[in-house]
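For the sequence shown, the positions run 5 to 574 when this note's numbering is used.
Since the hints were derived computationally from the structure, they do not count as laboratory data. Treat each hint with caution, since some may be false.
[To be verified] Pair ranges (Cβ atoms, derived):
| hint | residue 1 | residue 2 | range |
| --- | --- | --- | --- |
| 1 | 466 | 249 | 52 to 62 Å |
| 2 | 308 | 373 | 37 to 47 Å |
| 3 | 373 | 564 | 42 to 52 Å |
| 4 | 490 | 511 | 18 to 28 Å |
| 5 | 216 | 130 | 23 to 33 Å |
[To be verified] In the DSBU-like style, the derived pairs of lysine-lysine whose C-alpha atoms are separated by at most 35 Å in a straight line are:
| hint | residue 1 | residue 2 |
| --- | --- | --- |
| 6 | 284 | 449 |
| 7 | 348 | 284 |
| 8 | 348 | 449 |
| 9 | 471 | 536 |
Cβ atoms here follow ideal geometry from the backbone N, Cα and C, with glycine treated the same way.
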Amino acid sequence: MDRAPHPRPTRLRRSFARLTSAFAAIALGATGLVALGGTAAGAAAANLAQNPGFESGLSGWTCSAGSGATVASPVHGGSAALKATPAGTDNARCAQTVAVKPNSSYTLSAWVQGSYVYLGASGTGTTDVSAWTPSAPGWQQLSTGFTTGANTTSVTVYTHGWYGQPAYYADDISLAGPGGDPGDPVPGAPSGLRTGGATSSSIDLSWSPVTGATGYNVYRDGSKVQSVGGASATVTGLAASTSYQFQVTATNAAGESPRSSAVTGTTTAGGGGGGGAVPKHAVTGYWQNFNNGAAVQKLREVQDQYDIIAVAFADATGTPGAVDFTLDPAVGYGSEQQFKDDIKAKQAAGKSVVISIGGQNGTVSINDSASANNFANSVYALMREYGFNGVDIDLENGLNATYMTQALRALSAKAGSGLVITMAPQTIDMQSTSGAYFQTALNIKDILTVVNMQYYNSGSMLGCDGKVYSQGSVDFLTALACIQLEGGLSPSQVGLGLPASTRGAGSGYVSPAIVNNALDCSARGTNCGSFKPARTYPGLRGAMTWSTNWDATAGNAWSNAVGPKVHGLP
Numbered sequence: 005m006d007r008a009p010h011p012r013p014t015r016l017r018r019s020f021a022r023l024t025s026a027f028a029a030i031a032l033g034a035t036g037l038v039a040l041g042g043t044a045a046g047a048a049a050a051n052l053a054q055n056p057g058f059e060s061g062l063s064g065w066t067c068s069a070g071s072g073a074t075v076a077s078p079v080h081g082g083s084a085a086l087k088a089t090p091a092g093t094d095n096a097r098c099a100q101t102v103a104v105k106p107n108s109s110y111t112l113s114a115w116v117q118g119s120y121v122y123l124g125a126s127g128t129g130t131t132d133v134s135a136w137t138p139s140a141p142g143w144q145q146l147s148t149g150f151t152t153g154a155n156t157t158s159v160t161v162y163t164h165g166w167y168g169q170p171a172y173y174a175d176d177i178s179l180a181g182p183g184g185d186p187g188d189p190v191p192g193a194p195s196g197l198r199t200g201g202a203t204s205s206s207i208d209l210s211w212s213p214v215t216g217a218t219g220y221n222v223y224r225d226g227s228k229v230q231s232v233g234g235a236s237a238t239v240t241g242l243a244a245s246t247s248y249q250f251q252v253t254a255t256n257a258a259g260e261s262p263r264s265s266a267v268t269g270t271t272t273a274g275g276g277g278g279g280g281a282v283p284k285h286a287v288t289g290y291w292q293n294f295n296n297g298a299a300v301q302k303l304r305e306v307q308d309q310y311d312i313i314a315v316a317f318a319d320a321t322g323t324p325g326a327v328d329f330t331l332d333p334a335v336g337y338g339s340e341q342q343f344k345d346d347i348k349a350k351q352a353a354g355k356s357v358v359i360s361i362g363g364q365n366g367t368v369s370i371n372d373s374a375s376a377n378n379f380a381n382s383v384y385a386l387m388r389e390y391g392f393n394g395v396d397i398d399l400e401n402g403l404n405a406t407y408m409t410q411a412l413r414a415l416s417a418k419a420g421s422g423l424v425i426t427m428a429p430q431t432i433d434m435q436s437t438s439g440a441y442f443q444t445a446l447n448i449k450d451i452l453t454v455v456n457m458q459y460y461n462s463g464s465m466l467g468c469d470g471k472v473y474s475q476g477s478v479d480f481l482t483a484l485a486c487i488q489l490e491g492g493l494s495p496s497q498v499g500l501g502l503p504a505s506t507r508g509a510g511s512g513y514v515s516p517a518i519v520n521n522a523l524d525c526s527a528r529g530t531n532c533g534s535f536k537p538a539r540t541y542p543g544l545r546g547a548m549t550w551s552t553n554w555d556a557t558a559g560n561a562w563s564n565a566v567g568p569k570v571h572g573l574p
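Throw the hints in and build the complete structure from the sequences for me.
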């Protein structure tokens, strides 16, 4: 290939009448603060909250899902205030952990503005408390209080909004009462939590290290499932094709931090066969991590007809067999995290994203056991780092069947049954089962997803009937596919690879109508040319194109036509 956990707001409204009387008991306004559940803190008590007026940005505060920011207007006092914006299932929770003394009374207050704004404290050791307002068009003071338990040395104070509501504002937050020992503070909540590689029974997690933390706790769907010493973990014992929500906390001798913002990870499908989560009939498209004149795309812009997206390409390193990936600035991402988020979004939409190895200029060489192990280790590392579902083999300068087989089996052992393995050999590579590519495909048939042979840039080739066919016709596609179908591959492991436009390859472009006729001929025995296979292959996996970028350049004409045909196969 050419390189280059709360009820919804409506439920709150239904309960508002019931909550009004309780809400009225909370002292609001500027008439003074009432410490509920304990003795009122003295007027001269020190404010234990760090950066209470947000004049130092978000220093000392952690806001879920990046929801918080500081603004110069509106402010209640000073030069700044907090603005936090709920989005999706995130309620824009901003929190900090404060050192306190056991068996002591505290008053918590804040000035807020917005709809459904909450102020609260957790980890008190007695009864966690909160106050809220359904509507504060101007600055309004919320206040509540608590008494700490016999062993409580820290509490978490927080504000949050509500799902589906606009941004809220908070300023001049105060926690009044006796200060605790700041010499060994509880660490802050971890940030940057993200999912990595997934199998049918496990999901990899990683996050940013927290200063002062000596360990971390991992929570799955609200329950603690693991404790680790470093900033990563693999959660095992999961069900196939199931989504889970994860959070982590940081710990040290002083206690446990608030939980991080939540992320969702989904295990792959079980059952083996190499199919992973790929549908019965699938469209594969190569996404270009470079600009060669085709439309520059971000992954989120790839047409929805594509079921497998192959990121082209990984790069060889100085270590034999090892590969790495570097996001090209030419594709326009502001950060690698945005790219990773796009991978997750595609996977959430039911797509598989794999890393492609090779291409026209690829120089990866796997010719001994050491390089095979280097390949498996490095690809698995990329899967963990970026969340790739698997790997695509597109080595156009030859491969060693023995050691490529070893490499892919080693990768499969690491990644599990959900691993997606695709291949894109040239036509010459699949003319005979004695060829290295064909041998590799047969060697890994039990874990292979699909071979999308390139039916272009090849000239004339032999079909399975021994006749010569020229590229650019239905006969060329069906007679050459027949070699793989009758040579030992399952129909579900065979796809037709074509360029998306005349500019996508040097030769061999055919219109989407020809591709669709070839699909019909192989799967149904209809719309054939002079060659008609002796039997039909209704389980044919589908089709592939180089590339999603060239497809977009041509107005997505290829995927708009071929996608529905593939997805409509029997």
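- Query: So does residue 466 sit 52 to 62 Å from residue 249, Cβ to Cβ?
  - Reply: Since residue 466 and residue 249 have Cβ atoms about 54 Å apart, the given range 52 to 62 Å holds.
- Consistency of beta-carbon spacing, residue 130 to residue 216, with hint 23 to 33 Å: Hint holds: Cβ distance 26 Å, inside 23 to 33 Å.
- Distance restraint between residue 284 and residue 449, which requires alpha-carbon spacing of 35 Å or less: holds (16 Å)
- Restraint check for residue 348 with residue 284, where alpha carbons must lie at most 35 Å apart: Between residue 348 and residue 284 the Cα gap is close to 21 Å, so the pair holds against 35 Å.
- residue 511 and residue 490 - C-beta distance against the hinted 18 to 28 Å: holds (26 Å)
- Would the pair residue 471 and residue 536 pass a check requiring their Cα atoms to be no farther apart than 35 Å? holds (13 Å)
- Task: Given the range 37 to 47 Å, decide if the beta-carbon distance of residue 308 to residue 373 lies inside it.
- Result: For residue 373 against residue 308, whose Cβ atoms are near 42 Å apart, the range 37 to 47 Å holds.
- Regarding residue 373 and residue 564, is the given constraint of 42 to 52 Å on their beta-carbon distance met? Holds, at about 46 Å.
- Message: Does residue 449 sit within 35 Å of residue 348, going by the straight-line distance between their CA atoms?
- Response: Within the cut-off at roughly 28 Å; holds.
Hint compliance for this structure: no hint is broken.
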